[in-house]
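**Student:** Here's the letter readout for the chains.
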Amino acid sequence: MTSLVDQEYIKVIIFKLADKEYAIPVSDVQGIEKLMHITRVPKAEKYVKGVINLRGVVTPIIDLRERFDLPASGYVDSTRIIIVTLDSMEVGFVVDSANDVIDIPLSAIEHQPDVVGSIEVDFISGVAKIENRLLILLQLDKVLNLER
Amino acid sequence: MEMNQYLEMFIEESKEHLQSCSDNLLELEKNPEDIAIVNEIFRSAHTLKGMSATMGYEDLADLTHKMENVLDAIRNHKISVNSEILDVVFESVDHLEAMIMDVANGGDGKRDVKVTVEKLKAIESGQPIEAIQAKEEVAITVTEATTLPKLQYDDYEKTVLQQSSEQEINAFEIAVSLREDCLLKAARVFMVFDILEKSGDVIKSVPSVDQLEEEKFDQQFQVALLTKESAEEIQKKIMKVSEVDSVTVTKLSQELFAASANEITHDESTNVGVADTPVVIENNPKPESSNQTKTPSNSSKTNQHTTSKTIRVSIERLDILMNLFEELVIDRGRLQSISTEVNHGELNETVERMSRTMGDLQNIVLTMRMVPVDTVFNRFPKMVRSLSRDLHKKINLEIIGAETELDRTVIDEIGDPLVHLIRNSLDHGIESPEVRRAKGKPEEGTVVLRAYHSGNYVFIEIEDDGAGINKEKVLQKAISRGIVTKESANSLTDKQINELILASGFSTAEVISDISGRGVGLDVVKTTIESLGGSISIESTQDVGSIFSIQLPLTLSIISVMLVEIEQEIYAIPLSSIIETSIIKKSDILNAHNQKVIDFRGKVVPLVYLEEVFEVPRENAIDDEYQSVVIVRKGEKLAGLVVDSFIGQQEIVLKSLGNYLTNIFAISGATILGNGKVALIVDCNALMK
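Order-wise, the sequence lines are chains X and D. At position 89 of the first sequence the residue is numbered 89 (our numbering), and the sequence of numbers has no breaks. At position 303 of the second sequence the residue is numbered 303 (our numbering), and the sequence of numbers has no breaks.
With the rest of the complex left out, here is chain X:
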């Protein structure tokens, strides 16, 4: 019964940022792209790196390290852009690497962001402990600063 599975699990994409693992629901993700030329947009927010040409659609790019006030690391081979859609808005997130898709049992998700104890608490909707991994679930609308 698919409905049962839907209720018990949530499929997420896992990405790394400064050695921590974060998760976004697959349903919000449009695709994962390799790094490409980013055109700087003057006078935009600092964490907005600019815009890319995503198959003909001009898509803004947010550097998640800068968004979370993490130290910048420079872009490497494994750097990826995760394209997410929220409220008919397409935005790309620059992350250190992205390579895993897993099902998280809903029961494993705890609403205890304090456990993480880091600066980005505001952006977190919960954490999930799967085997030995601690996954941080992101709250996309907060990351995009939409509640202004």
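These are computed hints drawn from the structure, not numbers from a lab. Some clues are possibly wrong.
[As the list claims (entries may be wrong)] Selected chain D positions facing chain X (Cβ under 7 Å, derived; list incomplete):
{"#": "1", "residue": "ASN323"}
{"#": "2", "residue": "GLU326"}
{"#": "3", "residue": "PHE614"}
{"#": "4", "residue": "GLU615"}
{"#": "5", "residue": "ASN659"}
{"#": "6", "residue": "TYR660"}
{"#": "7", "residue": "LEU661"}
{"#": "8", "residue": "ILE664"}
{"#": "9", "residue": "ALA670"}
{"#": "10", "residue": "GLY676"}
{"#": "11", "residue": "LYS677"}
[As the list claims (entries may be wrong)] List time: in silico EDC-like cross-link candidates among lysine to aspartate or glutamate, alpha-carbon distance up to 20 Å:
{"#": "12", "chain 1": "X", "residue 1": "LYS49", "chain 2": "D", "residue 2": "GLU615"}
{"#": "13", "chain 1": "X", "residue 1": "LYS34", "chain 2": "X", "residue 2": "ASP77"}
{"#": "14", "chain 1": "X", "residue 1": "LYS49", "chain 2": "D", "residue 2": "GLU612"}
{"#": "15", "chain 1": "D", "residue 1": "LYS394", "chain 2": "D", "residue 2": "GLU27"}
{"#": "16", "chain 1": "X", "residue 1": "LYS46", "chain 2": "D", "residue 2": "GLU612"}
{"#": "17", "chain 1": "D", "residue 1": "LYS585", "chain 2": "D", "residue 2": "ASP624"}
{"#": "18", "chain 1": "X", "residue 1": "LYS49", "chain 2": "D", "residue 2": "GLU619"}
{"#": "19", "chain 1": "X", "residue 1": "LYS43", "chain 2": "D", "residue 2": "ASP683"}
{"#": "20", "chain 1": "D", "residue 1": "LYS198", "chain 2": "D", "residue 2": "GLU229"}
{"#": "21", "chain 1": "D", "residue 1": "LYS526", "chain 2": "D", "residue 2": "GLU539"}
{"#": "22", "chain 1": "X", "residue 1": "LYS43", "chain 2": "D", "residue 2": "GLU612"}
{"#": "23", "chain 1": "X", "residue 1": "LYS46", "chain 2": "D", "residue 2": "GLU611"}
{"#": "24", "chain 1": "D", "residue 1": "LYS471", "chain 2": "D", "residue 2": "ASP523"}
{"#": "25", "chain 1": "D", "residue 1": "LYS677", "chain 2": "X", "residue 2": "GLU90"}
{"#": "26", "chain 1": "D", "residue 1": "LYS486", "chain 2": "D", "residue 2": "GLU472"}
{"#": "27", "chain 1": "X", "residue 1": "LYS49", "chain 2": "D", "residue 2": "GLU567"}
{"#": "28", "chain 1": "D", "residue 1": "LYS309", "chain 2": "D", "residue 2": "GLU403"}
{"#": "29", "chain 1": "X", "residue 1": "LYS49", "chain 2": "D", "residue 2": "GLU611"}
{"#": "30", "chain 1": "D", "residue 1": "LYS49", "chain 2": "D", "residue 2": "GLU8"}
A virtual CB, placed ideally from N, CA and C, is assigned to each residue, including glycine.
For this one, chain X is given, so just place chain D on it according to the hints.
**Tutor:** Chain D alone, transformed into the frame defined by chain X:
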């Protein structure tokens, strides 16, 4: 049943049918005796009625039904067309339009149309419309003759009959009545027609074939047949069809249709008096309407449906197509550079062929968004008709170049400004008949609505032969409103004075009329047109007339830009705001109040360093003796944008930055360059306050 999914289609199609109704009504006013036009209107109304009934809009269906009754009476020659009747039909169409708009805006399509319905009923029953208020409910059945009326023939049919009698072909009028308990009337009709068509040519039937097929008749119908067979043969053949009650075959003699011809000429003579209504001429290059003096006989031939086959595609899908296409263009660029590197004969050939095909494809993709301006213009004839009646003026509207195409996005925006300008021309431009006579002009004023392509622009002009603009008055008003000073007023050219009426806070109307004086001046028109990247200019000679000329870009999605470079970044500056580019010496830059300026052809022009505005990160400062400057303008103001170098002029596809990045200072959008990178488009207006 879930109706929502059909609602949009219903609204669109209803609008189309209503438009066709008003177009044909205007046509009918010119040719009141042309029954083919009435049939056309009837068909539209009938479809509309069916659609609205299906969708559950009973009021709509009901009013259409009443209107249909009147039309039916007209085409069956029970009543003849005159301007009063047309007024009422126009009124009904107006109501229907309002109802559809209501439905489109989420309403239930209800509206109080009692008065109009009463009028329609009165017309149908042959009463004078004036008597409506006093009249009591009269049974409509009076007009519904119990015996079948004699067949009526229009000129075309009469000619056919005449010719056939000369060729010794018999013309019969055949009345067929089916048995009362006949179950499948349409099927029987079909069988009868099958027999008739094998024996000869059916030239007319009452009710019409459509109605017969839809079983819209009681038991009887009549046809006119041309055949070489005898009356008895025909009768026998038809009687073989089961459920046929009786068949009467009457030979149609010369005198018979001469008699019906008399009736028609009688009808015509009553219509001659209608000439005082404003005549609307549509000057299309299409052959059927360009011939103003056409006779009813040939119009009934040419007025046959010439609709081209089309499908509706949402703009969204076209946008997706456009995006995909741009991807292809970028890949083509890459392929081309690879093929020049590799220099392989067959590869080169293939890439070249592909490029050519892509060129053609590009044309098609771009023109798919183009719509003829007719979709906007078509509402004006009716508007002018009713306005000229309200204003008691005689106005003749000519439309030229309605087939000129414009981008859909421009079309959507341009309607309201045009309505405004036409109202203005009718209200303030064209004088009343008395004044015109006194001035030695023809009583009937002419308003010309003209559209044409020129270069990368479309021009729309509204020309009238009215009073023109009173420059003295305009100047006084402008000075009193503080729009210009007395001193500067003297140096204004005639054209500049004319264009003062477009300034905000300006209205020349002494008395606020409900036609154009709605508290909104023409400045709204100017703003809308400028927001579309267009411009408007006015030429006017007092007592001779005025021309309002609107210049619009062909499309909003593709614009010409100048690509410039600052450090490693490429920006696009719209050509529409560029005056020229120039290279200036550093020593020519002057300082004025912490603002660097240059002397550009005797004008002091402030310099804007794009590098500073856009905070371009610079690795090593350049120290060049010369600087590249793009002179841009906003209205009368000039500014010089300082850049590193010019790349060149290019046509680009306009893209938005999306919903996330809104209100980025001085950036109006983006585009994708041949190398696949994004370049930002500079909003020059934001750089000049």
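**Student:** Out of the numbered hints, which ones does the structure contradict?
**Tutor:** none
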